[in-house]
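Asks: Below, each chain spelled out in residue letters.
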Amino acid sequence: MKKILAVLLAVSMTAVFGACSSGGGATSSETSEPASSEAAPESSEAEAPESSEASSEESEAPADTGNMPTVEKIKEKGELVMLTNAAFPPFEYVDGSEITGVDVEIAQAIADELGVKLSVTNMDFDPIIDYIKTGKGDLGIAGITANEEREKAVDFSTSYITTTQYMILPTGVDGATFDPNGKIIGVQQGTTGDNYYASDPEVMQPKEVKRYKSAVDAAADMALGRVDCVIIDEMPAKAIVANNPDKMQAYDPGYDKESYSIAMMKGNDSLKQVVDSVLQKLADEGKIEEMIVKHTSNQ
Amino acid sequence: MNAMTLSLFGDILDKLNTALLVQDRYKLILTGLKNTLLMAVFATIIGTLIGVIVAVIKYFAQGNKKLTPLGWVCDLYTTVIRGTPVVVQLLIWSTVILTGIREALPIAIIGFGINSGAYVAEIIRAGIDSIDKGQTEAGRSLGLNRIQTMRLIVMPQAVKNILPALANEFIALLKETSVAGYIAMHDLTKAGEMIKNNTFDGTALFVVAIIYLVLVVGMTKLLGLLERRLKKGDLRS
Chain P
1 MKKILAVLLA VSMTAVFGAC SSGGGATSSE TSEPASSEAA PESSEAEAPE
51 SSEASSEESE APADTGNMPT VEKIKEKGEL VMLTNAAFPP FEYVDGSEIT
101 GVDVEIAQAI ADELGVKLSV TNMDFDPIID YIKTGKGDLG IAGITANEER
151 EKAVDFSTSY ITTTQYMILP TGVDGATFDP NGKIIGVQQG TTGDNYYASD
201 PEVMQPKEVK RYKSAVDAAA DMALGRVDCV IIDEMPAKAI VANNPDKMQA
251 YDPGYDKESY SIAMMKGNDS LKQVVDSVLQ KLADEGKIEE MIVKHTSNQ
Chain B
1 MNAMTLSLFG DILDKLNTAL LVQDRYKLIL TGLKNTLLMA VFATIIGTLI
51 GVIVAVIKYF AQGNKKLTPL GWVCDLYTTV IRGTPVVVQL LIWSTVILTG
101 IREALPIAII GFGINSGAYV AEIIRAGIDS IDKGQTEAGR SLGLNRIQTM
151 RLIVMPQAVK NILPALANEF IALLKETSVA GYIAMHDLTK AGEMIKNNTF
201 DGTALFVVAI IYLVLVVGMT KLLGLLERRL KKGDLRS
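The listed protein sequences derive, respectively, from chains P and B. Heads up: the first sequence begins at 1 in the UniProt record's numbering, then just goes up one per residue. Heads up: the second sequence begins at 1 in the UniProt record's numbering, then just goes up one per residue.
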């Protein structure tokens with residue numbers, strides 16, 4: 001009897017919390033509008049096969065402007081909070097005691113444009129979209145691939161880099177003949193390589209997918225023989241291999257192109273304008289290329 | 001039931017459907033549950049074995065010069081294990097010590113088992129200390145040797161005293177296994193995270209929380225029954 005009571009209590013608790021989150025959580029996608037029109041064409045191409053029913057039934061509540069980090073509010077605060085996962089070289093990594101990388105420099109440029117100081121929050125990759133969605137940070141800049149699923153939760157800036165998924169393989173394994181089916185694949189949890197490649201049965205049927213906190217951890221376990229292959233974005237793959245050239249190699253399996261964008265809360269148009277204009281300026285001046293070269297050689 | 005309650009209810013059902021049924025996501029939770037239970041059960045067994053051995057060694061080392069170094073080793077073990085976080089221990093087992101093991105499950109079982117052993121040892125030591133010295137003296141004077149006295153006289157009484165504390169430790173261990181995701185274990189918590197990553201909705205985490213809760217309530221119930229069964233002996237006298 002007590003057990004039943006406890007279960008009932010738990011269910012009612014869920015109902016209460018569920019109600020709160022569906023009411024207050026800002027999920028304001030104007031269903032018809034494809035978010036960030038410039039990023040859309042490139043990213044739709046990057047989409048790996050994926051059933052769309054997943055979260056299409058999500059209820060859409062009106063935008064909660066209460067905690068939306070608009071330009072005005074950021075200036076008032078005097079601080080731009082960037083959420084990232086600093087285990088993704090050359091985009092974000094820890095250098096000495098400082099978090100640096102291409103994404104951090106871009107964020108710094110945005111902060112300079114706004115005239116505020118930049119604060120970098122280093123966290124796991126997979127909850128970043130959630131945090132941005134609920135206003136726990138201003139910008140998600142973590143080499144985030146803009147895709148349809150994520151666009152349901154947040155708005156994306158224009159893309160600032162085009163990349164693809166790579167395989168990291170032990171030396172001596174021929175990438176051209178390597179078949180991921182039936183093998184143990186290591187990924188960084190919640191990344192494109194996880195959700196749209198290793199975990200998508202339409203793309204591959206591995207024996208097991210091991211989900212790590214970072215691609216660096218996954219590659220370290222590959223060196224110990226615990227996984228057969230790591231799937232991660234091109235540039236981090238190259239950076240990781242560059243640190244362990246005698247143990248592993250980077251291989252381009254020829255997957256679809258995808259592009260990175262900056263994530264922000266849905267409907268935060270004032271911030272999106274600033275971000276897009278800064279990205280445009282950096283791209284026009286060739287700064288992003290420069291940053292990549294600098295941070296790749298810095299590793 | 002007014003319309004708002006109904007739509008709220010429908011909303012929750014929708015979310016549960018997305019979290020569990022779409023793309024057979026409940027299978028992720030089942031795999032996770034299986035691994036969580038495997039970790040908890042085997043770590044409990046290892047932890048109990050280590051705990052009993054360490055506690056007995058510590059007890060005998062008190063009055064025996066030859067066993068003193070062994071007592072120090074046991075002290076060191078409980079100090080180090082209880083003084084460091086389980087996540088750090090797990091990462092050390094996985095990346096530094098047990099590099100020869102490919103699967104994450106045995107590493108997690110060893111890590112959690114050795115961790116739990118230190119806590120169980122302290123609980124059992126407290127249990128042994130709680131038994132009056134006269135019991136040991138009586139056993140010895142009846143011609144039982146030290147080990148027999150411990151096994152037949154002291155331990156049965158000690159276990160009854162420490163059962164609530166042991167139950168607490170086992171419950172804590174079950175919940176502690178939720179950090180196994182750090183070494184890429186697909187446990188219950190990881191299953192919730194994976195579904196959350198696919199749906200950008202935290203409903204699966206509630207499902208996971210409820211499963212943990214049901215497991216813990218079930219364990220509490222079972223251990224409560226055991227406790228009552230052991231108490232029957234008291235009433236008879």
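Note that these hints are calculated values from the structure, not bench results. Ideal Cβ placement from N, Cα and C applies to all residues, glycine included. Possibly wrong hints are sitting among the right ones.
Unchecked claim - Anything over 12 Å on all C-beta distances counts as not near chain P; from chain B, calculated:
1) M194
2) N198
3) D201
4) G202
To be verified - Derived pair list, reagent style SDA-like, types lysine to any residue, alpha-carbon separation capped at 20 Å:
5) B:K27 / P:P170
6) P:K213 / B:L205
7) B:K231 / B:V214
8) P:K247 / B:R102
9) P:K213 / B:Q157
10) P:K272 / P:D130
11) P:K213 / B:V88
12) B:K27 / P:Q205
13) B:K160 / B:L226
14) B:K196 / P:T134
15) P:K136 / B:P85
16) B:K232 / B:V179
17) P:K183 / P:P170
18) B:K27 / P:D200
19) B:K196 / P:K272
20) B:K27 / P:T134
21) B:K27 / P:K272
22) P:K207 / B:V88
23) P:K136 / B:K196
24) B:K27 / P:D130
25) P:K213 / B:V179
26) B:K221 / B:V159
27) P:K213 / B:L144
Asks: Against this structure, judge whether each hint is valid.
Replies: Evaluation of the provided hints:
At roughly 7 Å from the closest C-beta of chain P, the C-beta of B:M194 falls inside 12 Å, breaking its exclusion from the interface. A cut-off of 12 Å between C-beta atoms contradicts the statement that B:N198 is not in contact with chain P; the least separation is 6 Å. The beta carbon of B:D201 sits about 6 Å from the closest Cβ of chain P, which is not more than 12 Å, so the claim that it is off the interface is violated. Non-interface call for B:G202 relative to chain P: violated, since the shortest CB-CB distance, roughly 7 Å, does not exceed 12 Å.
Between B:K27 and P:P170, the direct Cα distance comes to roughly 31 Å. Violation of the 20 Å bound is thereby established for this hinted pair. The suggested pairing of P:K213 with B:L205 holds, with an alpha-carbon distance near 18 Å, which does not exceed 20 Å. Straight-line distance between C-alpha atoms of B:K231 and B:V214 comes to about 26 Å, which puts the hinted pair past the 20 Å bound. Between P:K247 and B:R102 the alpha-carbon distance is near 17 Å, which keeps this suggested pair within the 20 Å criterion.
Taking the CA atoms of P:K213 and B:Q157, the gap is about 46 Å. The hint is violated against a cut of 20 Å. Restraint check for P:K272 and P:D130: the C-alpha separation of about 18 Å stays at or below 20 Å, so the hint holds. Taken as a hint, the P:K213 and B:V88 pair is honoured in the structure, with Cα atoms around 14 Å apart against an allowance of 20 Å. Proposed proximity of B:K27 and P:Q205 is supported: the alpha carbons are some 16 Å apart, at most 20 Å.
Annotation: proposed proximity of B:K160 to B:L226 holds, straight-line Cα distance about 9 Å (limit 20 Å). This hinted pair checks out: B:K196 and P:T134 have alpha carbons roughly 14 Å apart, not beyond 20 Å. Between P:K136 and B:P85, the direct Cα distance comes to roughly 27 Å. Violation of the 20 Å bound is thereby established for this hinted pair. The suggested pairing of B:K232 with B:V179 is violated, with an alpha-carbon distance near 39 Å, which exceeds 20 Å.
The straight-line distance between the Cα atoms of P:K183 and P:P170 is roughly 13 Å, inside the 20 Å bound, and the hint therefore holds. Taking the CA atoms of B:K27 and P:D200, the gap is near 14 Å; set against the 20 Å cutoff, the hint holds. Among the hinted pairs, B:K196 with P:K272 is inconsistent with the structure: their alpha-carbon atoms are about 26 Å apart, more than 20 Å. For a cut-off of 20 Å, the pair hint linking B:K27 to P:T134 is broken: about 28 Å separates their Cα positions.
Simply put, B:K27 and P:K272 have alpha-carbon atoms about 39 Å apart, too far for the 20 Å limit, and the pair is violated. A C-alpha spacing of about 28 Å is found between P:K207 and B:V88, which places the hinted pair above 20 Å, so the restraint is violated. For the proposed pair P:K136 and B:K196, the alpha carbon gap of about 17 Å is at most 20 Å, so the pair holds. Distance restraint check for B:K27 and P:D130: the Cα-Cα separation of roughly 23 Å exceeds the 20 Å cut-off, and the hinted pair is therefore not satisfied.
Under the criterion of a C-alpha separation no larger than 20 Å, the hint pairing P:K213 with B:V179 is consistent with the structure, at around 12 Å. As the CA atoms of B:K221 and B:V159 are separated by approximately 18 Å, the hinted pair is consistent with the 20 Å bound. In summary, the hint linking P:K213 to B:L144 is not supported, as the alpha carbons are separated by about 56 Å, beyond the 20 Å threshold.
The structure does not agree with the numbered hints 1, 2, 3, 4, 5, 7, 9, 15, 16, 19, 20, 21, 22, 24 and 27 stated previously, though it agrees with the rest.
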